[in-house]
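Enquirer: Listed below, chain by chain, are the residues.
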Amino acid sequence: MISAYLDFIRIRFLMMLAYRVNYYSGIIIYAINIGAYYFMWRAIYGDAETLGGFTAMQMTTYVAVSWMARAFYFNNLDREISNEIRDGSVAVQMTRPISYLMVKAMQGFGEGLFRLLLFMAPGMVVVKLIFPIELPADPARWLVFFAMLWFSFVINTQLNIMTGLFAFFVENNQGLMNLKRIAIDLLSGVILPMSFFPEWARAILNWLPFQAITYLPSSVFTGRLNGADVGNALLVQIVWFAALLVPIAWMWRAARRRLFVQGG
Amino acid sequence: MLAIDVDRLRKQFKVQKNREGLKGALLDLFKREHAEVAAVKDISFQISQGEICGYIGENGAGKSTTIKMLTGILVPTSGRLLVNGYVPYKERERFVHGIGVVFGQRSQLWWDIGVIESFRLLRKVYRVGEADFKRRLDELVETLQLQELLNRPVRKLSLGQRMRCELVAALLHQPSILFLDEPTIGLDIVVKTEIREFLKRLNREHGTTILLTTHDLQDIEALCSRVIMLDDGRIIYDGGLGELKERWSKGREVQFQFTAPVGLDAANAWTRGMNVRWTRENELTARVWIPREMNVSDVLSRVVGAAEISDIKIFETNTDEIVREIYKTGSPEAKEALRD
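Listed in order, the protein sequences are those of chains A and B.
The letter at position 242 of the first sequence is residue 242 when you use the working numbering, and the numbering goes up by one with no holes.
The letter at position 283 of the second sequence is residue 1283 when you use the working numbering, and the numbering goes up by one with no holes.
So that you can see chain B by itself, here it is in the shape it has in the complex:
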């Protein structure tokens, strides 16, 4: 069964155009000019129950807008949208019983009251029975280790503590789909890992479908079997993470540690005629990027013959770089290659 079914979904915003200068400002006072901006451009995808799916893209690619439509906050301009069997914006109050939402940058807890008070209030809002609530809360509090935090007001929590409380708040009513909008933003590595472990466990034990947006690709690598990549409101990739890496990893990098200082010109001279790219890290260290079709050993033999080397490291391109590359180049062919 499908948890999320999206078909040619589109969202356009009317944006005010501000004219320049004093004259423009005066004109704006009386007659505003508006421009239609499409944030999400006819995207389609399906997510099955129990899947963990990463939703990535640059800032402004349309990720948050999509999440807001999927959670019933925004009304789409056109397209079909079915989440958990509901059209989110139409039957909002009934629909949201089945979903949990965490926005990393905004709190859903009440700032001034104790954490436990917030949870109790949410129990009433979602009409969860007292016994169910207690069982669920105990389980969540134990896995996320929140025991000592429960009586503190939210404004006195650290970001990591708050984020763990946010997760509890989003899960108290046992939603079958969890939407996470940048859940690990600003967190330290320990908390990040904890949250990832928790999400994995949630997915394994309760079969919760998870859709998360993130800028931290380690979230994706740790959690997601599938990624959807968005660029300028369109889906440019939808598939497994391994496949993405394979198709896009364009080469490897080799780091050399020399015994004597080496300049970039000298390094370039060694590999003349080869399609490689040198970067210098410091006096004694330099990196060379080698495209996939070329043999690493060819480059190595030239460098080894020319300079004395104390250490060599070979790096496969990691997901971060792949994605950075896709964002940066943004060339139509590159995207075409991905789409087919």
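The shape of chain A in the complex, shown without the other chains:
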């Protein structure tokens, strides 16, 4: 059984390799984004030493690592699941002795792994050469970062799966998918770190899963969180991972019982 799931990872990895144009255009998009944010933040900082608790150096590192992490955790599972529900091909997949959602998650992981190895790792080297960024020297911090990156992927995938499954309950969940996409980019801290939000907004965001996707791992990586805070950040991720399993299981059950008309 495990080997079947591993195969789904492998095949998605190979598929990503096959579509090379997507790969190259992805590199360009990320390079432009990192560059644009780098110059924007430099302009904002001006002569200022620190803003929102970030030094300029930390901010550059934060932007670079956040976008690189995004390359790993980002996937289009919501769109894939929603399409498969709408065109009815989810039915075919249910006739296999394998969990549909698990297969989807594995395919997402294959995609993430591809970008981690062929995109994020070389990208990080290039970024290091071009921009003044500061990588952590402590190997333990790298280790924790990769553990947190793994949970970023898991939590983001869970949110994607939930968004995708909404297609069972509504006729068109395009709007919801767009909303989710913007919510994750904006509220997870890719575009703006949490510490720049006003106090009241931060209080709300602390209770949402989005910060666990980018802000927490990137803060650990840039050295803004230390000691016990690192453990806490990891704990927040684990709690969100466990908490999000509940609505997914519920939605899946409800979906099978209730609506399955689409596509006859």
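No wet-lab data here; the hints were simulated from the structure.
The beta carbon of each residue, even a glycine, is placed where N, CA and C say it ideally should be.
Some hints could be false.
Unchecked claim - Some, not all, of what chain B presents toward chain A, calculated at C-beta under 8 Å:
hint	residue
1	Val-1075
2	Ser-1078
3	Tyr-1086
4	Arg-1106
5	Gln-1218
For chain A, the structure is supplied; the task is to place chain B on it using the hints.
Expert: Relative to chain A, chain B alone:
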């Protein structure tokens, strides 16, 4: 032993009602109205092991919904359901090891990878041993002649090639029941025949139980010893194909080829007082439908006496027409007659 045992099976869907006009659309935005629609209405039937059973009915009669319940995709609203000794939706992952499913309109192969890669993946999904897999694959590839296709990606296959690959994909794990939802849709006659031959052989050699839905009644005639006919969610006929034909063949048709042009009015005049129906095919050709209780020769003698004829052909009503008739009339008496 029974392969499929269905007792008062029912499936209801909640369907959104869309109100009309701008006002209705605005109201819908805040409060949706739902209607309960029953797609399958308390049907019961049993299928024994090794049987090939055709499941027919108009579009929307509830065929696909039934298949989806039998394969564990849908959860029934009520009723009892036992397939291969399992309640499909309850123990889905264990249950599906024993069944194979082909949906004619959707692919179960992975679009972007080679056919053989799909098969290998399925081997792992179904946990088939390497030796078993190889033996089975060789056998299937040989009977369906897929040798040259194995390395091509699925998206480059023609529909006929793809459908043969779908069959292999559904059979690699040696299921004892095969569900086919319109397996021959869109295929040319050669491929259709090949697939029918293959299914017959599968049933003969491996004793596989087959349940197929189709709109092509030649599939049924070629394969099935038994048909279940569905209309509006209810079973209106369950029995042999021969019996269906006998009970429903309401008459014969005679085609005349005349030497001079003949109009419908003239033809009707010849058979005045007879309960027959003329249709004109072209200037020189016309058909007359004769009900079962009437003698063909009576009609023939009148026509022969009235016009010069170059050719005559007599047609028994075929299954297509019978079924079309049942679908079309849909009259309660007709269905009553079938049910008793």
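Enquirer: The structure should be examined with respect to each hint, and the outcome stated for every one.
Expert: Against the structure, the hints:
1. Val-1075: holds (5 Å)
2. Ser-1078: At about 12 Å, which exceeds the 8 Å cut-off, the nearest Cβ of chain A leaves the hint on Ser-1078/B violated.
3. Tyr-1086: At 12 Å from the nearest chain A Cβ, Tyr-1086/B fails the 8 Å test, so the hint is violated.
4. Arg-1106: For Arg-1106/B, the interface hint holds, since the closest Cβ of chain A sits about 5 Å away, which is under 8 Å.
5. Gln-1218: Nearest chain A Cβ about 23 Å off; hint violated.
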